[in-house]
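All chains, full assembly: derive it from the sequences and hints.
Residue numbers (the UniProt record's numbering), protein chains in the order written: chain A, 1 to 349; chain B, 1 to 314; chain C, 1 to 504.
Treat the hints as calculated values from the structure; they're not laboratory data.
Among these hints, one or two may not hold up.
To give a feel for the contact side, a few chain C residues facing chain A, derived at Cβ under 8 Å [stated by the list, open to error]:
(1) G348
(2) T349
(3) I350
(4) D352
(5) Y364
(6) P367
Just so it is clear, CB atoms sit at the ideal spot from N, CA and C, and this is done for glycine as well.
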Amino acid sequence: MRLEPRPAPGLPILLALPVGAILVTVVIASLLVLAAGASPLAVFGLVLKGAAGTQFALLETLTRATPLIFTGLAVAVAFRAKLWNIGAEAQLYAGAVATVVLGTGALPFPAPVLIPLLIIAAVMAGALLLLGPAILKTRFGVDEVVTTLLLNFIMLLFVSMLLEGVLKDPMGLGWPQSQKLIAEARLPRIITGKRLHYGFVLAIVSAVVVWIIMKKTALGYEMRAVGHNPTAARFAGIPVNLVLLKTAILSGGLAALAGFSEVAGLKGNLTLDLSPGFGYSGIVVAMLAMLNPLGVVAAAIFVAGIFVGADAMSRTAGVPSYIANVMVATALLTMVTAIMLTRFKVRWR
Amino acid sequence: MTEAFEILFTASFWVAAIRIASPLIFATMGELICERAGVLNLGIEGIMAAGAFAGWFTVYSGGDLWTGVAVAAATGAAFGLLHATLTVPLGLSQHVVGIGVTLLATSLTYFTYRLVLPEVTSPPKIEPFQPLPIPYLSDIPILGQALFSQTPLTYLAFVTVAVVAWGLYRTPLGLAVRAAGENPAAVESQGLSVTAIRIGAVMTGSALMAIGGAFLTMSAFNSFFFEMINGRGWICIALVVFGSWRPGKALVGAILFAAFDAYQIRLQQVTGGVVPYQLFLMLPYVLSILALVLVARRATYPKALMVPYQKGER
Amino acid sequence: MTSAHAPVLRLASITKRFGPLTANDSISFDLAAGEVIALLGENGAGKTTLMNILFGHYVADEGTVEVFGTALPPGDPRAALDAGVGMVHQHFTLADNMTVLENIALGTESPWRLSFDRRRATARIRALATDFGLEVDPAATIAALTVGERQRVEILKALYRDARILILDEPTAVLTPIETEALFATLRKLVAKGLSIIFISHKLNEVLAISDRVLVLRSGKLSGERRTAGATRQELAALMVGQEVNPPAVPEVARGPVLLKLYGVSTGRNGTRQRLDDVSLKLIGGEITGLAGVSGNGQAALADLIAGLEKPVAGTVEIADQTVDDWSPRTALSAGIARIPEDRHAVGTIGDMSVAENVVIEQYRSPSFSKRGFLDWKAARSFAEELIRDYDVKCPSPEARIRLLSGGNMQKLILGRALDPDPSVILANQPTRGLDVGAISYVHGRLLAARQRGAAILLISEDLEEIMALSDRIIVMSKGRLSVPSARGERSVRDIAELMAGHG
Numbered sequence: 001m002r003l004e005p006r007p008a009p010g011l012p013i014l015l016a017l018p019v020g021a022i023l024v025t026v027v028i029a030s031l032l033v034l035a036a037g038a039s040p041l042a043v044f045g046l047v048l049k050g051a052a053g054t055q056f057a058l059l060e061t062l063t064r065a066t067p068l069i070f071t072g073l074a075v076a077v078a079f080r081a082k083l084w085n086i087g088a089e090a091q092l093y094a095g096a097v098a099t100v101v102l103g104t105g106a107l108p109f110p111a112p113v114l115i116p117l118l119i120i121a122a123v124m125a126g127a128l129l130l131l132g133p134a135i136l137k138t139r140f141g142v143d144e145v146v147t148t149l150l151l152n153f154i155m156l157l158f159v160s161m162l163l164e165g166v167l168k169d170p171m172g173l174g175w176p177q178s179q180k181l182i183a184e185a186r187l188p189r190i191i192t193g194k195r196l197h198y199g200f201v202l203a204i205v206s207a208v209v210v211w212i213i214m215k216k217t218a219l220g221y222e223m224r225a226v227g228h229n230p231t232a233a234r235f236a237g238i239p240v241n242l243v244l245l246k247t248a249i250l251s252g253g254l255a256a257l258a259g260f261s262e263v264a265g266l267k268g269n270l271t272l273d274l275s276p277g278f279g280y281s282g283i284v285v286a287m288l289a290m291l292n293p294l295g296v297v298a299a300a301i302f303v304a305g306i307f308v309g310a311d312a313m314s315r316t317a318g319v320p321s322y323i324a325n326v327m328v329a330t331a332l333l334t335m336v337t338a339i340m341l342t343r344f345k346v347r348w349r
Numbered sequence: 001m002t003e004a005f006e007i008l009f010t011a012s013f014w015v016a017a018i019r020i021a022s023p024l025i026f027a028t029m030g031e032l033i034c035e036r037a038g039v040l041n042l043g044i045e046g047i048m049a050a051g052a053f054a055g056w057f058t059v060y061s062g063g064d065l066w067t068g069v070a071v072a073a074a075t076g077a078a079f080g081l082l083h084a085t086l087t088v089p090l091g092l093s094q095h096v097v098g099i100g101v102t103l104l105a106t107s108l109t110y111f112t113y114r115l116v117l118p119e120v121t122s123p124p125k126i127e128p129f130q131p132l133p134i135p136y137l138s139d140i141p142i143l144g145q146a147l148f149s150q151t152p153l154t155y156l157a158f159v160t161v162a163v164v165a166w167g168l169y170r171t172p173l174g175l176a177v178r179a180a181g182e183n184p185a186a187v188e189s190q191g192l193s194v195t196a197i198r199i200g201a202v203m204t205g206s207a208l209m210a211i212g213g214a215f216l217t218m219s220a221f222n223s224f225f226f227e228m229i230n231g232r233g234w235i236c237i238a239l240v241v242f243g244s245w246r247p248g249k250a251l252v253g254a255i256l257f258a259a260f261d262a263y264q265i266r267l268q269q270v271t272g273g274v275v276p277y278q279l280f281l282m283l284p285y286v287l288s289i290l291a292l293v294l295v296a297r298r299a300t301y302p303k304a305l306m307v308p309y310q311k312g313e314r
Numbered sequence: 001m002t003s004a005h006a007p008v009l010r011l012a013s014i015t016k017r018f019g020p021l022t023a024n025d026s027i028s029f030d031l032a033a034g035e036v037i038a039l040l041g042e043n044g045a046g047k048t049t050l051m052n053i054l055f056g057h058y059v060a061d062e063g064t065v066e067v068f069g070t071a072l073p074p075g076d077p078r079a080a081l082d083a084g085v086g087m088v089h090q091h092f093t094l095a096d097n098m099t100v101l102e103n104i105a106l107g108t109e110s111p112w113r114l115s116f117d118r119r120r121a122t123a124r125i126r127a128l129a130t131d132f133g134l135e136v137d138p139a140a141t142i143a144a145l146t147v148g149e150r151q152r153v154e155i156l157k158a159l160y161r162d163a164r165i166l167i168l169d170e171p172t173a174v175l176t177p178i179e180t181e182a183l184f185a186t187l188r189k190l191v192a193k194g195l196s197i198i199f200i201s202h203k204l205n206e207v208l209a210i211s212d213r214v215l216v217l218r219s220g221k222l223s224g225e226r227r228t229a230g231a232t233r234q235e236l237a238a239l240m241v242g243q244e245v246n247p248p249a250v251p252e253v254a255r256g257p258v259l260l261k262l263y264g265v266s267t268g269r270n271g272t273r274q275r276l277d278d279v280s281l282k283l284i285g286g287e288i289t290g291l292a293g294v295s296g297n298g299q300a301a302l303a304d305l306i307a308g309l310e311k312p313v314a315g316t317v318e319i320a321d322q323t324v325d326d327w328s329p330r331t332a333l334s335a336g337i338a339r340i341p342e343d344r345h346a347v348g349t350i351g352d353m354s355v356a357e358n359v360v361i362e363q364y365r366s367p368s369f370s371k372r373g374f375l376d377w378k379a380a381r382s383f384a385e386e387l388i389r390d391y392d393v394k395c396p397s398p399e400a401r402i403r404l405l406s407g408g409n410m411q412k413l414i415l416g417r418a419l420d421p422d423p424s425v426i427l428a429n430q431p432t433r434g435l436d437v438g439a440i441s442y443v444h445g446r447l448l449a450a451r452q453r454g455a456a457i458l459l460i461s462e463d464l465e466e467i468m469a470l471s472d473r474i475i476v477m478s479k480g481r482l483s484v485p486s487a488r489g490e491r492s493v494r495d496i497a498e499l500m501a502g503h504g
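Structure representation (structure tokens):
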């Protein structure tokens, strides 16, 4: 078997392969549904209804998509420069911690001042957290995959320590949770009485800004060059290590915004279950979007829809909601295969 | 302070260290085989979870313990085949596929667990492997007690290290595996298939990772619960680097690491809650990062690690 | 030596296409027992592809390979090895972390055996080594061997498997003239034992020295066949190139000032690569300085130094009489040094980015391409279009991924990118390797034009004829040191070869 580059894949191939990837994912999920003794058609119907069938479902999906857009952007930016940031989960918590530390009364400012300050603080916290592994990579040649992964565990323990220590809510009946943010630190809801908040708008704006950075600026160009061929980039005079550090700041900052937005927009305080793996799902979102920042928005809504829909479905159909995680992971693998097949064709001899 | 020091001279401490090391030894050997053949297997964390569940569930549904180990290994090999199919002949990014396999294996495991045990709140227990003291040897103070009063699965871990070391350095197959990770063209020019060797290595390695996971549910503990791998897989990747891709050094690394882990657990008790326990729990991860930094400068990676190979390329 | 016996090897109408390119076009020939065939052709003529098909690395689209009357199954190196075909690749196929013995024994025993007999294998290797003059220590690690020794290991690999047909792909490219003589002695011994040899080369004198018969390949086709005994250099050269090759005309140019000066420069260790050892060099405006040498003698380190990739650990770099302190690719570029890298694919271009993105990569920070951190893609595109037109590049559009271009067109773009800012110093590292004749003379023409304009050019090449034809001064590099420069025509080829070998 050999792989031969396709000079320029036609539109049919560009469309057929991702559709094929989704189809394979659905088939595999159907098998699991059958194993659970339910009807795939009914189950997928319930998932769809739970994700987008009602206004409530749709808003819930968008609410869930918000942190995924941020983590998806964080991963997309980093992977573009081949900085393997698998630590969006930790950076998310770093952003949440910064938000809680400064947003529970330490800074007595009105909302228009306080919220931008919290955003800056969160971004700095996330950026700093990823700068560590990035510096270890550029200075000492330590593989960032393992360091960012391990930092996820360290960060969670650190948050746990804070929530049982200095950040513990004295009124929390002993639960490991922080105090609530002051009202000036909260992001308002987009529709009164619904959960969707202005974090979603911030996410969309971030996606557009990242798209502009990647497409139009020298930094975006440098990041792509470093990602595709660091040797050639270095030869041409691009300061590869500096670009990687800048990438780390951007990526870590974006992931931290997920933490800020969840705390300030949705939860109001910090708990240990703030993120059910948004950092890891961000990898899937980024890959499904083929690392395109605007695609990240669509992919995040798609992935969020699967999670929200599966939650709703499992309450009635008795199929474990983990089927959503299986589908998302399968979609990741089928999608990267499909992307490869748009660029290469397989010859069987 | 003396109390903290005396821990090091108790047999129970070293027994615990070896027990903690056992799953790491299996998984580290598994990762080492994959990487020696040129494939970084980031599926390790998920494969360990799948192995932990598969082994435990086999015994829970009436199989005997060794059947459980075999089922765990087969499960691991299956995920290894998936990983290898995508990364070796198709040449996809080993980073992305590895993370994907971890997510898939973990979620499939949780899904299956919920499917077969929908209602349970506290995880059901099985009768795990029991310690099997080796006559006479286990009477030697401290060292003998630590090494020779373990469960059969721990003995298997040590045997695995010996087999992997012999296999890599003394057999024709091991030569081919090492060459595939260094310069695949050397393998192909001698008429062997790089693809076959790499797929085989990843499957074998993944089977070992899964046994490492199964150790947790079948020897260290007696039930399966979520998040039980808890980063052990990632730590094993650091251990492979720390061990310079050599089985013996990686074994020493795993035991050292486990000793630190066992020590911090005891230190928690000694310090009696003055220091937050989370700081102790962080130690293993911090230690892994430190180990990586220490060896990074002089680490000699297998030259073809993470480099996909196409036939006829030189 | 040929006889009425059946041929040991028969290639019948082998055709191989890579996309639009036909690398081998219906090639047929026979090889007799004890015969040495030379496969002559320029870089890119299809020699290596043909041998890779024979050895089973590639599968031909059409045609068959027969060894001792039996057809080889396509795409199976194992079958080729078992049939008695051995191949010494141009780029060695050895695992550096393993010993000579392990590399040779690899794949020769059933993989399921629990151990292998090192003692027996060692004895066998030693015996072969003494029989054929291939001395090498079986217990040594490959990483510790010289290039010449590594090549011996490659030959031993084939002999250990009882090869009857030995293919050598450009075996002399990495050897000093002395080592080449030793290789030829070994080959003669092998032929005396009845082995047949295919010797791939683009060097005429070697082909004439070693072969019985010469097959000439040109752009994938067999363009001619001659018995070596009656063949002349001119005749073979014409067959190889397909047209009269006129050496480029090198007009007289007034000498300019010294534009780049290295004084006592040494570089640090970098893996197994040869470092620079106390190198002094002047590049003068209006001059092409040719750097000759066997590859691996420090050319790469010198090129990286001038390109700004490597910093000197001792000595000074002076550009236009100014000592440079902070040395990097960016400072090299802003000092007016143009760089044409040795490897167009890995270093010169970013294959997955467009032509436009590739041509601005050295200048994107200049005001003509970016403002306040935002890139002006319109300007980049029109710059790319300008280069495509001026440098006669065949390319669908500035948006096309540069990976899809042929080597020659890629090189023209690199040349255009480098020469556009009117550089004062030009580093041309193997600028014509792998190009066809047309592209080569184009590159030469552009370099000579730059010389005319007063640029100082350092031409690094393994092709001695290229060096001799273009250079105003020739310097020879050996073991990280430079010889005293000689003016055009001052030293003979033989003198230069001596210097390349590290003598004199």
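Results for each hint:
| no. | hint | result |
| --- | --- | --- |
| 1 | G348 | holds (7 Å) |
| 2 | T349 | holds (6 Å) |
| 3 | I350 | holds (4 Å) |
| 4 | D352 | holds (5 Å) |
| 5 | Y364 | holds (6 Å) |
| 6 | P367 | violated (12 Å) |
Comparing the model with each earlier hint shows a violation of hint 6 alone; every other hint is respected.
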